[in-house]
Amino acid sequence: MMARFSRFRLRGLVFLAVVAFALPLFLSNPFHYGLATQIALIAGAVVGLNLLVGFAGQISLGHAGFFGLGAYFSAIMTSTYGWSAIPALVVGAVVVAIIAWVVGRPILRLKGHYLSMATLAVGFIIAIILNNERETTGGPDGMPVPPFDVFGWELSPFSQYSLFGMDIGGDLAWYLFAVVVLLVAVWLAQNLIDSPIGRALRSVHGSEVAASVVGVNTAKYKSLVFVISAVYASVMGGLYGHFQGFITPSVASFDFSILLITMVVLGGMGSTIGVIIGAVVLELLPQLLADFQEMEMVLFGLILMLTMIFMPKGLLPTAANFVKKRRSKSAGGDA
Amino acid sequence: MTALVEVNNLSKAFGGVHAVEGVSFSVDAGQVYSVIGPNGAGKTTLFNLITGLYTPTSGEVKLNGESIAKLEPNQLAERGMCRTFQQMQICMNMTAIENVMLGRHLTLKSNLLTTLFRLPALTRGEKAAREKSAELMEFVGCGEYVNTEASAMSYGALKRLEIARALAAEPNVVLLDEPAAGLNAVETAALEDLIRKIAEQGITVMLVEHDMKLVMGISDRLLVLNYGRVLAEGTPEQIRANPDVIAAYLGG
Amino acid sequence: MFSEFLQYLFTGITIGATYALIALGFTLIYNASHVINFAQGEFLMIGGMATVSLTAMGVPMLLAVVLAVVLAGLLGIALQRLAIAPAKNADVVTLIIITIGASIFIRGLAQLVWGKEYHVMPNFSSDEPIEIFGAVLNSQSLWVLGVGAVLVAALVYFFTRTLTGKAILATSMNKDAARLVGIRTQVVLMLAFMVSALLGSIAGIVVAPITFTSYDIGIILGLKGFVAAAIGGLGSGMGAVVGGLALGVVEAMAAGYLSSDYKDAVAFSMILVVLFFMPRGLFGAKVVERV
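Residue numbers (my numbering), protein chains in the order written: chain E, 1 to 335; chain S, 1001 to 1252; chain G, 2001 to 2291.
If you are wondering where the hints come from, they were derived from the structure by calculation, not from laboratory data. Yeah, the Cβ is synthetic: ideal placement off N, Cα and C, and Gly gets one too. Don't take every hint at face value.
Per the computed footprint, the stretches of chain E lying under chain S, defined by three or more beta-carbons under 8 Å from a beta-carbon of chain S, are [stated by the list, open to error]: (1) 186 to 192; (2) 197 to 208; (3) 211 to 220.
Go ahead and model the full structure; you've got the sequences and the hints to work with.
Next up, the structure:
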């Protein structure tokens, strides 16, 4: 029984790895790779947000703020101060963790609409600061970001590399790197969920009262998951900046915060693979809608409303339910 | 011998409503102590006061001689007090066994490092917790639901699950708030056996109940509340014979 | 010195009145249905944009205003019937995303119909600024304040003296009980959204000559109105008005005396302060959780 359980556990991760590594067979040009890489990085941030929203049942309408902070911190440290990327990402994560902890303690005492307001406000304040401090951040026009480097060895989408003797382009190399990062992010998240800490987090969502009477310090765990999800966003934001080579304050915007949380809800809160699917769908949607040009906004808004109304549990859980019902119908006849 | 739970002149008012007024009693270790009274008598409020969910307007509660005034419910759990709820508080987003394993929270030592990287210390702890939790589910009589989603379980099974979770925390005293509510005669008899088994393990049990047969059958002592005040306190025989209680409440 | 202060005060009260009207719209919908309507700001936008484009087509101003307001009202009803009602018992996050989706949808439609440019609406009355103690007051500001006051008075009358208004209040306090006494809660909900949309659109029209209008002004104004409602206490009408005015004045003062770059940050800082120290807001109700 134990062995079966742990195989079950990593099923999603294996599925993701297979799909992600097989994908290059179907991709052909730098634009595709670029989009896929971008999706992988954003998906990583969404996996972190899912811990907070899907598993612990909290709300954050300002998560892009942490993503943006991570992006700008790494950008500034590597370009203005000449740091190497990895220390910049690590220190950035620590800084964001501290900010998230300080801000989180009073905010997480709030619930429902009040919590959503508070996180909204924090996100906006971060975005406004990034927008206004021209000297440090370049202001609304944004700033260039040096390529990612591992203590001097650069990873750029525009260079050529050799892997196992084969010549691969920088765009494929970056994609593979992003996939590995995403897989690690998912692995860590799955480990967290299926553990005493994970159960404590999920109990905050399930029943805070029940949790507290068996000894769970719910305030501490809410804070913890808030910080962890902020760190996820920060690291992914930093990598995103290095990959794109240029960032603007839009990476911390309200619009992006909403996009992130929609990916969580659309994919299926509490399903790690589900939210990755959510990220894929919502990142691909504008590409598909680009042909409709002016109708893009109208269609996007319409799709958001329709999916939330008719599939409130999210894409993956709704699909899984549908399959389950189909199976029981064919197996046991009509109920 | 100091009582395990001591309640001194406890009062709780919600605006103009005096839900609990001037209640005093004590519970010794190892006893099965029941609180009875008509609906609205303040029984659940009393439990909420004792378990730290409400702050008293006046008076105090002591656990093992220590005042619980400044303690949060999770801190009370650390000191050996656990409870179930009249309106069940089950985490429907987890499986049955995960709910019980939640009760093992205080006994499991884990930190972020062992958790994130799934180090052997964590997997060992998880395996032990899982075994213990499955045992407890057997003990309370819902062992067949181990991997079932809590949302798919029946009412009666969930009530037993909540008791399993409370026991998983290895408490010295467990407070059961109307555990027989909604159960039929057969299920109630099974519950009576369960409470006896729990008491045999040396765990102090406090009970809020309406089911007279159950209460009279297993309690060492009873507290009768009426309109937030203590009407009577004593052994089942004393209470049965008490004219005030008979007048106010007992009909059969 | 004083004239400077007065200047900021006038600006603050004017924009504050706008925030107050938006906040009232939020409060109305929140009270009736416990939904935070992120599309609230779009009603403002529709009011202003529709009026501008109708007058540009030659429609007389007064008629244009009426048509724009009616359009917004219909949009409010449509929002409730087509987007909120079908979602039934969805949880908070889902409802938030639905209204955000509605906001994007409406903005998209506006962009299709009216394009992306800014439009200007002329002052209702004179373009001559009024001078008071050295401070300059735009005559349109008086319109904003006047219309705002009239609307608030009308709402107070509506809720305290009319049966329909009382029905809305009853529904917000206890939906099931209201239904049991024969109040048609579905109709009440539609009404709440409609009135909210009317409020927003009128506010949008009246403030358009001061702030310009374009397809995307709804977002930030809507958010600030939301903040104002929360500062005053979600669910309190008086709170919405006080919150709105307070926000407007503090924002103007901060922009004037401290930094105009950080003007927008004022609203969000204020809401954090309120949420940390007075989570229910200035006039909000206390909620007790029963276990």
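Query raised in the report: If you check each hint against the structure, which ones fail?
Result: none
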